[in-house]
Structure formats: C-alpha cells, structure tokens
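K.L.:
One letter stands for each residue in the lines below.
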Amino acid sequence: NAGVMQNPRHLVRRRGQEARLRCSPMKGHSHVYWYRQLPEEGLKFMVYLQKENIIDESGMPKERFSAEFPKEGPSILRIQQVVRGDSAAYFCASSPPEAIRPQHFGDGTRLSIL
Amino acid sequence: TQLLEQSPQFLSIQEGENLTVYCNSSSVFSSLQWYRQEPGEGPVLLVTVVTGGEVKKLKRLTFQFGDARKDSSLHITAAQPGDTGLYLCAGPGSARQLTFGSGTQLTVLP
Numbered sequence: 001n002a003g004v005m006q007n008p009r010h011l012v013r014r015r016g017q018e019a020r021l022r023c024s025p026m027k028g029h030s031h032v033y034w035y036r037q038l039p040e041e042g043l044k045f046m047v048y049l050q051k052e053n054i055i056d057e058s059g060m061p062k063e064r065f066s067a068e069f070p071k072e073g074p075s076i077l078r079i080q081q082v083v084r085g086d087s088a089a090y091f092c093a094s095s096p097p098e099a100i101r102p103q104h105f106g107d108g109t110r111l112s113i114l
Numbered sequence: 115t116q117l118l119e120q121s122p123q124f125l126s127i128q129e130g131e132n133l134t135v136y137c138n139s140s141s142v143f144s145s146l147q148w149y150r151q152e153p154g155e156g157p158v159l160l161v162t163v164v165t166g167g168e169v170k171k172l173k174r175l176t177f178q179f180g181d182a183r184k185d186s187s188l189h190i191t192a193a194q195p196g197d198t199g200l201y202l203c204a205g206p207g208s209a210r211q212l213t214f215g216s217g218t219q220l221t222v223l224p
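Taken in order, these protein sequences are the chains called V and D. Counted from 1, the first sequence has number 17 at position 17 by this note's numbering; the numbering is strictly sequential. All you need for this note's numbering is the position in the second sequence, starting with 1, plus 114.
Only chain V is shown next, with the shape it has when bound in the complex:
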C-alpha cells in the first residue's frame, strides 16, 4: 500500500520564480490537507481540499499561494513569485471521506529559496 506521495522531495527556486508542489493521496482517500513547517516548529495548517473543492483555506496566505485538487491527478500547491520567507517544508496529509481528521502524512517537500 503506497502512502501519501509528495514530489519533489527537494525543490530549489530563485526569488520571483514559481514553485509547484505535488501530493498524491493514499488510495481511496479523497481529502487532502497541506501544512507548512518552519525549522524546529510544529506544522501550520494551510488548506483542506476535497476533489475539485477547496473546503477550508483559512491558513493559506491570500497572495501568491493557491491550491487545487482536480478530479484526476495529484493535488497541487502553487506558490508564485517566491520569496525567501517561503523556505520551509511543506507536508501533505490525506484521509478517507469518513475520517474526521487526517492521519497519514507524506514525507514533505523541502523548498529552498535562493
């Protein structure tokens, strides 16, 4: 059973470029959650999506950040015009429809901004 798959594992971008992070949930899971983790800190919720719907984006910055979970394919977290402060580890979690909270996390994408 494949777990939550995230790619790339490491991503380096220069300031002003775009970063696209991908998350494939576990088989049968239709709910995806994105979190951001700064060094030596806990995870901060960003956005919660179901297939083709954003349910809660209260933790996502209004500018430059967007997320989608299309009917086919992985969930994408997109950061436009990246800045140094976007450097962090971004984690995705997934859950089946009946679960009341996410339980399975991917191993994250470490984003570094030069």
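No lab work stands behind these hints, which were simulated from the structure alone. Keep in mind that this is a model prediction, so the values were computed, not measured. Even for Gly, the Cβ is constructed at its ideal location relative to N, Cα and C. Please note: incorrect hints may appear among the correct ones.
[Unchecked claim] Not everything, but these chain D residues come out facing chain V in the computed CB check (under 7 Å):
#: 1; residue: 134
#: 2; residue: 155
#: 3; residue: 156
#: 4; residue: 159
#: 5; residue: 202
#: 6; residue: 206
#: 7; residue: 211
#: 8; residue: 215
#: 9; residue: 217
#: 10; residue: 224
Fit chain D to the supplied structure of chain V, relying on the hints for placement.
P.N.:
Coordinates of chain D only, in the frame set by chain V:
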C-alpha cells in the same frame, strides 16, 4: 484560536533514563493526537486519546489525557537512541484540520 503549548522545547538525555513531555492548552479538545517526526520525514501518528483521564500505552511510551481534556503528557521509560525525534501533539481545529503544538525535540544519547 485553539493553541497547544509543548514543553520542554528541547530535551537531551542519556540512554536508559525516563522522561515526560507535556502538551497544554487553555481550550478543551475533543481528542488529542501524538506524532513523532524524524529528520527528513513526515509526522507519524503514535496515538489518539479521546476520553478525559484516558491512559494509553505503546510499549515503553505512556500517553495520558487530562481529566479536563486540556492537556496531555507522554512518558517514555528507559529511553533508547531510536526514540530520538520531534514529538508533536495535535488537536482538531475547524473543518477537520489539525492544530499542532511546536513540538519537543528529544535527543537520546547512547
């Protein structure tokens, strides 16, 4: 906003010692989860506590949920180097997302 505070932030101990880490909030949580995260990996769920006063054991790890469901503790007996990692507590927020504490970084020295 429900906040979870974890203490201590850093803990370094010798192999074989016992330790306790804490997770506290001013808010009541319907449940709390504990995760362990190792460098370069995602958090892995250890346990979920649901009932006030509940105690759960996972080998050398003992998890307790406070009677008022505002706090939780994790006790490790006879710590081993393999226990090294970041221990995170988390509680449910709105819309099924999780609110995490800032974690306790545990280092067990051989």
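K.L.:
Work down the list of hints and note, for each, if the structure agrees.
P.N.:
Structure-based check of all given hints:
1. Residue-level restraint check for residue 134 of chain D is violated (minimum Cβ-Cβ distance to chain V is 19 Å; threshold 7 Å).
2. Interface hint at residue 155 of chain D: satisfied, since its Cβ lies 5 Å from the closest Cβ of chain V, which is below the 7 Å cut-off.
3. For residue 156 of chain D, the interface hint holds, the least distance from its beta-carbon to any beta-carbon of chain V being 4 Å, beneath 7 Å.
4. Below 7 Å, beta-carbon pairs count as interface contacts, and residue 159 of chain D has one with chain V at about 5 Å; its hint therefore holds.
5. Evaluation of the residue 202 of chain D hint against chain V yields a held restraint, the C-beta minimum of about 6 Å falling below 7 Å.
6. Taking 7 Å as the C-beta cut-off, the interface hint given for residue 206 of chain D holds, the closest approach to chain V being about 5 Å.
7. Contact between residue 211 of chain D and chain V, as hinted, is supported at the beta carbon level, the nearest pair being about 4 Å apart and thus within 7 Å.
8. Of the supplied interface hints, the one on residue 215 of chain D holds, with its beta-carbon coming within about 5 Å of a beta-carbon of chain V, less than 7 Å.
9. At about 5 Å, the closest approach between the beta carbon of residue 217 of chain D and any beta carbon in chain V falls short of 7 Å, and the interface hint on this residue holds.
10. For residue 224 of chain D, the interface hint is violated, since its Cβ never comes within 7 Å of a Cβ in chain V; the closest pair sits about 23 Å apart.
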